[in-house]
Amino acid sequence: MKLVNKALKEHLQHLEENLLKPEIRASKTELTQILADEFFEIGSSGRILYKNEEISDKGIGLVKMKLDHFEIHPLSEEIVLTTYKIINEETQQHSLRSSIWKWVDGRWQMYFHQGTRISEDF
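In this text, residue positions in the sequence shown follow the numbering used here: the first is -2, and each later residue adds one.
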């Protein structure tokens, strides 16, 4: 069952936060459930990453990041754009993030993600 309004926002924020957790990032199985088969990312480094090329058996690497200013922007009943700010707690790098989530097979899956570096005072 699809979620609406506040519940949808909370659910998608939970999924985005899960993608920052070490136990999720280290699990190819968990990542495969969250990321769509067609998933790709334009990282804050400018590098383009594809699910089928980048996820090893050890996952996608550990990070220590904090998510802030989370918002959702429904594009249709089955597609939602999320936007938020990330602070890398190790490097103090700040970035704006956006993801496209799609409702498929009874669950939300991430299809696209982008990170754009910003100055700390943005």
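If you're looking for bench data, these hints aren't it; they were derived computationally from the structure. Treat each hint with caution, since some may be false.
[Stated by the list, open to error] DSSO-like mimics (lysine-lysine), calculated; alpha carbons at most 27 Å apart, straight line:
no.	residue 1	residue 2
1	25	82
2	63	3
3	99	3
4	48	18
5	82	63
6	18	99
7	48	99
8	48	63
9	63	25
10	6	61
11	6	99
[As the list claims (entries may be wrong)] Distance ranges between label pairs, derived from CB positions:
no.	residue 1	residue 2	range
12	7	88	25 to 31 Å
13	26	89	16 to 22 Å
14	3	44	16 to 22 Å
15	74	25	16 to 22 Å
16	25	71	29 to 35 Å
17	74	118	33 to 39 Å
Treat the numbers as computed from the prediction; the structure is a model and nothing was measured. Here a beta-carbon is modelled for each residue, glycine too, at the ideal position from N, C-alpha and C.
Here's how the hints hold up against the structure:
A distance of roughly 25 Å separates the Cα atoms of residue 25 and residue 82; the hinted pair therefore holds under the 27 Å criterion. Annotation: proposed proximity of residue 63 to residue 3 holds, straight-line Cα distance about 21 Å (limit 27 Å). At most 27 Å may separate the alpha-carbon atoms for a hinted pair to count; residue 99 and residue 3 meet this at roughly 17 Å. Distance hint between residue 48 and residue 18 is fulfilled; the C-alpha atoms sit about 18 Å from each other, no more than 27 Å.
For a cut-off of 27 Å, the pair hint linking residue 82 to residue 63 stands: about 8 Å separates their Cα positions. For the proposed pair residue 18 and residue 99, the alpha carbon gap of about 21 Å is at most 27 Å, so the pair holds. Annotation: proposed proximity of residue 48 to residue 99 holds, straight-line Cα distance about 16 Å (limit 27 Å). Among the hinted pairs, residue 48 with residue 63 is consistent with the structure: their alpha-carbon atoms are about 23 Å apart, no more than 27 Å.
A threshold of 27 Å between alpha carbons decides the hint, and for residue 63 with residue 25 the separation of about 22 Å falls inside it, so the pair holds. Under the criterion of a C-alpha separation no larger than 27 Å, the hint pairing residue 6 with residue 61 is consistent with the structure, at around 22 Å. A hinted pair counts as satisfied when its Cα atoms are at most 27 Å apart, and residue 6 with residue 99 qualifies at roughly 13 Å. Checked against the hint of 25 to 31 Å, the pair residue 7 and residue 88 passes, with Cβ atoms roughly 28 Å apart.
Here the CB-CB span from residue 26 to residue 89 is close to 32 Å, at odds with the stated 16 to 22 Å. The hinted range of 16 to 22 Å is not satisfied by residue 3 and residue 44, whose Cβ atoms lie roughly 35 Å apart. Between residue 74 and residue 25, the C-beta spacing of about 30 Å breaks the proposed range 16 to 22 Å. Distance hint for residue 25 and residue 71: a CB-CB separation of about 30 Å, consistent with the stated range 29 to 35 Å.
Distance hint check: the CB atoms of residue 74 and residue 118 are about 38 Å apart, consistent with the given range 33 to 39 Å.
The structure fails to meet hints 13, 14, 15 from the earlier list, while all remaining hints are met.
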